[in-house]
Each structure stands twice: as structure tokens, then as C-alpha cells.
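Student: Residue-level listing of the chains:
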Amino acid sequence: MTDEEVQESGYEVTLPSFHGPLDLLLHLIRKNEIDIYDIPIVPITQQYAAYLDAMEELNLEIAADYIYMAAVLIHIKSQMLLPRDENAAAQEDPRADLVNRLLEYKRFKAVAETFAELDVVRMGVWPRPAVSLADSEAAEIDMSEVSLFDLIDAFRGALTRYKLNHPQAIELKRMLHKISDKMSELYGKLKEKSPIRLQWFLESRDRDELIAIFLGTLELVRLGGISLQQSDLFGDILVAITQNPLDEAQFVVYDQR
Amino acid sequence: MNELRAALEAILFVSNEPVTVDALADALGADQASVTQQLADWKSFIDANVGGFTLEQTAGGWRLATRPEHEAILKKYFAKKGETRLSIAALETLAIVAYRQPITAPEVSDIRGVNSTGVLHTLLERRLLRIAGRKAVVGSPFLYRTTREFLIHFGLNDIRDLPRLEEFGDLVGETISEDLVSAVQSLTVNPSE
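In order, the protein sequence lines correspond to chains F and R. FYI, the numbering for the first sequence is 1 to 257, going by my numbering. FYI, the numbering for the second sequence is 258 to 450, going by my numbering.
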């Protein structure tokens, strides 16, 4: 919702921005100089609907809250049309609920306007800047005012300090699986039997090993020593040796990369 | 100049948060009545002789702060952008929570006629509201309350200083009277009471 100034220069020409359906209803009541305790529901419902149409024409998104209020108005209208039982003296006016809501909202709207003026004035008041007094005692903290955000800030601060004081050690693991070994292993298997299913070759190996095999396989394909085939999507991948013999001694080079 | 007054000035000069009369009396080994008297004297002295800042009573304590008229100069000198003004939606929501606290999000939305969850969250982030437990109804929704920052932001000494809600009855449409704004403000600047 925007803070556009409400301007009423002409009928249905400018569309003031409203801060909700109750705000729109109050505007209509004021504009028509209607007694809020005796709202003529039929014309107000029509005007309300006209505003929604106008909003739609301007391609403004009409929030569900506005549509709900339209339904409330139509419901009241239908209740008003029903014949009243004159004998039931204490029968409640179908508009009572809406009137009470409007009056309540109107009050808070007035408070908000006062707050807005205070907001402007107080924004110009600067306190002394926060100084961090070393060793100041925690007893001064007002515990009742610790919000979730303060707590998160505190944790974030502590974590940041901890990280600064305890830089994470860089762990260098010995390379468990050499790419060259895996290349030799796969190439050796293929010399015995070709083609083989890649799945079978990968069976029961751990993550590090799989990575080495993956890289080794790519290298072998690049060297033209093996070829990969897949008959259909997601199907088994077959690995076959090619007519292009490779010198296994050169595999060692790939460990340097 | 008496020593009590001097010591009190020293504390408030260094503090950036409002300091309560209680805390001052405690620190200075003086009784509350004389601390209050000294604060009042100092305030009238500042207001009569000092232009750049004032002593204000807010959120149940006392602090030194600048006067609104120097906002532009301060912003320029400190190259500060300044906080954005609160939106109408935020102000309406604050108004409702201020008078109806503790209150849940659905209750706020109901009064405004507009879903107010997002606004409430923004106000939580700005520390003007806080979560004060859950309501014992289905879904146990959070209950919202105003904070000390809220009081400081609007220059209120205590939430009970807010004018009665009924006084706002028929003001919509007309511009809010200057009297009311100054009435709210004066609640915090009259130390002699």
C-alpha cells in the first residue's frame, strides 16, 4: 500500500489510494456526508462496487480483503430486504457489526495520524550515540525487552567472533584413490572383456572412489581408448574398448591435475 | 554548583540510553526526590540556556538528545540518510497494538480489515514491537506488544501516557489538532509533576 496523498479533484477521475476496505468505506461515508450510524446500504454497496471496478480497470490488484468486504455489504443488503418482524423489538440492525468495526477503525486511524506527526518530529531527535563501555555490567540489560531478533543478533555476533578467533583448520586429506589407478583398472577390465556395464563396474564403491572413476572415465574417453554407449534414456551405459590402443604408462600424468 | 547535580550531569552525558531516576539515585547515593528535583532544575537550565540539545524524559528514564529543528544539519554533517518514515499501514498497526496489547496478528488484521502479518513482521524487525508469548486459543498465535524502543521513538514516558482511545472518536477527516500532538509530547517534558 502506498502513501499517496488522497486527492479528490473530480468524481471518478482520480482514485485515491486506500489502506483497506474499511478505509474505503469511511471515505465513501465522508464523501456522501452520511450518518455513520444510519448507513444507506444500497447506494454505499453500489459505490463500493464501482470503486472495485475502477481499480480493476486500472489493473490494480484487488486484494481479497476488499472482495470479502463486498460480500459482507451484499449480505447486509440482503438482510435489510427481508421483512422485519415488528413484534421482535430487540432485533439487531444487520448493520450494527459493520458500524462498530468502522467506528473502531476510525479511532485507530486517528491515532495513526497522530503517531505519523510524532514520527516526523521524533525522527529529528538524535540521542547520544551508543558507546561500548568496556566491562559494563550485564545487570543493566532490561531482560523483559530481549526479542528474538536480539537473541539472533547475539548468537550471530558470538559466532562471528568465534570464527575470527578460531579460523577453520584446512584439512589436507591424502588422496585415497588415484585417477590413474582407476583408469588402469577400468582399462584392464575392458581388455579382458568388452563391453561391460558401467553400473557393474561402479558397484559398491565409496564416494571418493566414484569421483576418481568418473574423472578417469572421462579421461579415457578423451584419449579415445574407450567409448560409452547408451541404448535409451536412463538405460544402462555400456563401456567398450576401442581399436585405438592406449599406453597405460601415461595414465600417471592425470594424477598431477 | 552542587556535587549531586554535577555527578548526575556526568552520568547522563555518557549514557546513550534513558536512565531511570531509580538508577541515578542508586548510583549517587541520593534520595529520589532530590534527584528528580535536580533533573527538573537542569532541564529548565538547559532549555533556557542551551540551544543544541535538551534533556528529555522518555521510556521511564532521562537522556540527552538533540532538538528536532537540527535534523537537517545533523543529517548533512554526519552524511546519514536517516530512517525511513513509518508507512500508514505500520502506523495503523502500531496504534492498534499500542492500545490493545497483548494482541494477535488475526485480531490486528480484523480491526484494520487488511491482512497485517507482513507489517507486524516489519515492526518486529524495527524493534518497535516484540512477541510476548502465545495466546491460549486454537493455533496458539503469537501475542504482540510494544517495546521500549516504541516509547522512545514516539517520545512517550509510559504506555499509559497515551490519550484515551475515546478521545480520538470523531477526529477523522479533520486534520488532527496541533493540541493533541503537543499534548502527547508535553506528557514527556514536564518534569515538575
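If you're looking for bench data, these hints aren't it; they were derived computationally from the structure. Even glycine gets a Cβ: it sits at the ideal position worked out from N, Cα and C. It is possible that some hints are incorrect.
Only some residues are given here: those of chain F computed to face chain R with a beta carbon under 7 angstroms [stated by the list, open to error]: (1) H19; (2) L22; (3) P40; (4) D93; (5) P94; (6) A96; (7) A112; (8) L118; (9) V121; (10) R122; (11) P127; (12) R128; (13) R205; (14) D208; (15) L210; (16) F214.
Student: Each of the hints needs a verdict: does it hold here or not?
Tutor: So, going through the hints one by one against the coordinates:
The closest approach between the C-beta of H19 (chain F) and any C-beta of chain R is roughly 5 angstroms, which is under the 7 angstroms cut-off, so the hint is satisfied. A least Cβ separation of about 4 angstroms between L22 (chain F) and chain R falls short of the 7 angstroms threshold, and the interface hint therefore holds. Taking 7 angstroms as the C-beta contact cut-off toward chain R, the hint placing P40 (chain F) at the interface is violated, the least distance being around 19 angstroms. With 7 angstroms as the threshold, the beta carbon of D93 (chain F) stays out of range of chain R, its nearest partner Cβ sitting at about 20 angstroms, so the hint is violated.
Because the closest C-beta pair between P94 (chain F) and chain R is about 18 angstroms apart, greater than 7 angstroms, the hint is violated. Annotation: interface hint on A96 (chain F) violated; nearest CB of chain R at approximately 16 angstroms, more than 7 angstroms. Interface hint at A112 (chain F): satisfied, since its Cβ lies 4 angstroms from the closest Cβ of chain R, which is below the 7 angstroms cut-off. Interface hint at L118 (chain F): satisfied, since its Cβ lies 5 angstroms from the closest Cβ of chain R, which is below the 7 angstroms cut-off.
Given the 7 angstroms rule on beta carbons, the hint for V121 (chain F) holds: about 5 angstroms separates it from the nearest Cβ of chain R. At a threshold of 7 angstroms, the smallest CB-CB gap from R122 (chain F) to chain R is about 5 angstroms, leaving the interface hint in force. For P127 (chain F), the suggested interface contact is upheld, since its CB lies about 5 angstroms from the closest CB of chain R, less than 7 angstroms. Using the Cβ-Cβ criterion of 7 angstroms, the hint placing R128 (chain F) at the interface with chain R is satisfied: the shortest such distance is roughly 4 angstroms.
For R205 (chain F), the shortest C-beta to C-beta distance to chain R is roughly 49 angstroms, which exceeds 7 angstroms, and the interface hint is violated. This hint is violated: D208 (chain F) has a C-beta 44 angstroms from the nearest C-beta of chain R, more than the 7 angstroms allowed. Contact between L210 (chain F) and chain R, as hinted, is not supported at the beta carbon level, the nearest pair being about 45 angstroms apart and thus beyond 7 angstroms. Interface hint at F214 (chain F): violated, since its Cβ lies 46 angstroms from the closest Cβ of chain R, which is beyond the 7 angstroms cut-off.
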